[in-house]
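Visitor: Sequence:
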Amino acid sequence: MGKTSENHIPDDVYIQFVRSLFNSAHTVLVGAAIHATAAFLVYWNNGRPIYAVLGVLLLAIGVWRYAGMRRFKKSGQIASRDEAWHWEREYLIKGSIQAFTLGFFCFVSLYVATDPFAQLAGFGVTLGSIVTVAGRNYGSARMVTIFAACFVGPIGLGLMLRGDFAHVMLGLIIFPFYLIIKGTADQVREVLFSAVIGHKQARQIAHRFDRALNTMPHGLVMLDPNGRVVVANAEAAHLMAMSSPEAIMGRSLEALFMRGVAAGVLDMHECRYVVAQLTRSLRDGRDRKVLVSFADGRYFELSTREGHDDLGVITFEDVTQRVRSEEKIRVMARFDSLTGLPNRAYLHELVVEAMASGDRDRSCALAVLDLDDFKSVNDTLGHPVGDGLIYAVAERLGTFACEDLKIGRFGGDEFMIYFDRIESEDHLAQLLDRIFAGLQGETDVAGHVLRIQASAGAVLSRAGDTDVDAMIVKADLALYKAKELGKNSWRLFEATMDEAFRNKQLLKADLRNAVESRGLRVVYQPIVSMTTMSIASCEALCRWDHPELGPISPAVFIPLAEEMGIVSEISSFMLAAATRECAKWPEPINVSINLSAKDFGNREIVGKVRAALDEAGLAPGRLEIEVTETALLDDNSLTRELIEEMKALGVRIALDDFGTGYSSLSYLHKLPLDKVKIDRSFLIDVTQNERSLELLKGVVNLSRPLGLQVTVEGVETFDQFKVLALSVKPDLVQGFLFGAPLSASGIETMSSTVWPFAKEVRTARRSARR
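Residue numbers for the sequence shown, in the numbering used here: 1 to 770.
Read the hints as simulated data drawn from the structure, not as lab findings. For clarity, every value in this text was computed on a predicted model and none was experimentally measured. One or more hints might be untrue.
[What the hints assert, rightly or not] Simulated crosslink set (BS3-like; lysine-lysine; CA at most 25 Å straight-line):
1) K406 <-> K483
2) K375 <-> K182
3) K647 <-> K670
4) K598 <-> K647
5) K504 <-> K608
6) K598 <-> K483
7) K487 <-> K375
8) K584 <-> K647
9) K584 <-> K598
10) K406 <-> K328
11) K697 <-> K722
12) K94 <-> K73
13) K406 <-> K487
14) K375 <-> K483
15) K94 <-> K74
16) K182 <-> K94
17) K608 <-> K647
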């Protein structure tokens, strides 16, 4: 079918082309009547019977074709391509017969039974029919081809058979009209084919646009340059409580949103604001988003988009879930998930705002409250119980919250309380005492009855003289002081606390430098054998000589090191120095080192002990590790495991400060000990109090049957020593009676020394036996 092959024409287009062949059936009947009339006129003019026969045939064929076309009209729609081909084939057969008969009429008039009128009649009706070929039969390329051939062929052939030059040439130039007719029909068909396809595509696009428009989750309206709605979808209609998108058409933006006000889904004030924002955005040609809250709790985000052809676009997106999620995130970011109180960052923000507003000369206060011994609750009962305790405290604190008193969770077991408009220190004291009174008492957490006990530090200041961070630091200092003074109370910040804190921080910095630069030194306190009265062992002690403050007590800098997390570095230094020096001493003398409780929280300590022994070349049996009861309490299972690993190295283990803890006796049979060191507190009144003496003797008699050596610490007078030698009879003694701690070289020098009062002790023993 020309350029547009029939096989490439879609079924629905092909069906339409076939249907077009059967349109205007009356023209076929009129044409047949004209053809027959022309034939009859020729017959009437020249009396030749052939024209009468042709006239009858032309009329009969025309009526036949017309009847077939009427039958097509009555049959209804074409259901398939095969059915369309059936009708086209019928049309081809009847049309071909009519075309051939009409062409034969023209050929007869030009060559067979010719006269001027016959020629004019035959040629005229044929040319007239040729004009209708392209316009009427473009839907079937086959029919066009047949008609063109049947009309042009007989004319050309009839003229050429006349024989003279002029008729032959005229006949030849008639044949190209075949191509013209066929080309014209092809062009008409191509144009119509493109139009049909374009229309079909336009319908598809319109259908898809309509489907997309009305199934999209967002509402959408498009406005013309006059601000009237020209496009809307179902969601926009639903949003504005309209029955259908058509009900929105033609409305102005203001009328559209006023309809929402009338339906009760939009507030009047909100309506005016939204219309003003959207109108300004569309007028300026800028994209803008406006968040609108509806009366039913929904939130919509209205977005303007600059459209084409002066069309403005507004979309309505339901962002209710997003807004609620953002609100939830804001709550999570501002409030503590466990207690519901403002968290540290948000309370800080609230306090900053409160202090910045109002009278800058007014007094305000800030307190930091901390639960006492909260770690033991977590360690013994578990974190869920600890969380329950924090929740219970938060509930009690929350009852005091008001406009001038803000409470938040500072983190962990700490809370922060801000007091606005404080009249005096007495006023603040009354408020804090009332809060502490409200906290007192017991609470039930998961079946555990827990007593609430807390400490707090507070600071009072003028709102214009300080900032929140400075107040927090000072309140923390006061809290530390309250903890030092026995807990379960509160303290108000004093200037001396700040000075003490600064001095402490400076001392920490100096200690760190001393540890890093090996500025510490080790001295050794002799441990004397009661049998030989000579040095049997030495306890390594750490000393720090501050360049400005002079000697700093270990009771000061060791807790600082533990607080700073560097006590293990000091222990490593002590292990290396003590084992190195002990290796130089005579064989019988050993060395003991007291490790921190922090050291037994790290499995690396065993490796450090092994490395120190290997580097110094010291026999493991000459090293004694002293373990405090504090280390055993922190993690009994881990400490026992590490002690057993050290014992496996051949190192001796001593329990230091025996008798000061509530459960020391249980360790004597649980741990692989070699020695116990009885605390100096047992010797305070041993020479005057018979009860103290009996207690000391009982501890020694309890330890010795277990195969443990006994060392008594803190021997400072000869009378104490004499009581020990005569009544208690420990294995070893240690104290200032035998001199101050010595350097490593001093121990080496005194290694063979026997204390001069040994003779007196022996004499006293003999007298006691008599």
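Visitor: The structure should be examined with respect to each hint, and the outcome stated for every one.
Guide: Status of each hint after checking the structure:
| no. | hint | result |
| --- | --- | --- |
| 1 | K406 <-> K483 | holds (24 Å) |
| 2 | K375 <-> K182 | violated (102 Å) |
| 3 | K647 <-> K670 | holds (14 Å) |
| 4 | K598 <-> K647 | holds (19 Å) |
| 5 | K504 <-> K608 | violated (30 Å) |
| 6 | K598 <-> K483 | holds (21 Å) |
| 7 | K487 <-> K375 | holds (14 Å) |
| 8 | K584 <-> K647 | holds (23 Å) |
| 9 | K584 <-> K598 | violated (29 Å) |
| 10 | K406 <-> K328 | holds (22 Å) |
| 11 | K697 <-> K722 | holds (14 Å) |
| 12 | K94 <-> K73 | holds (16 Å) |
| 13 | K406 <-> K487 | holds (24 Å) |
| 14 | K375 <-> K483 | holds (14 Å) |
| 15 | K94 <-> K74 | holds (18 Å) |
| 16 | K182 <-> K94 | holds (19 Å) |
| 17 | K608 <-> K647 | holds (14 Å) |
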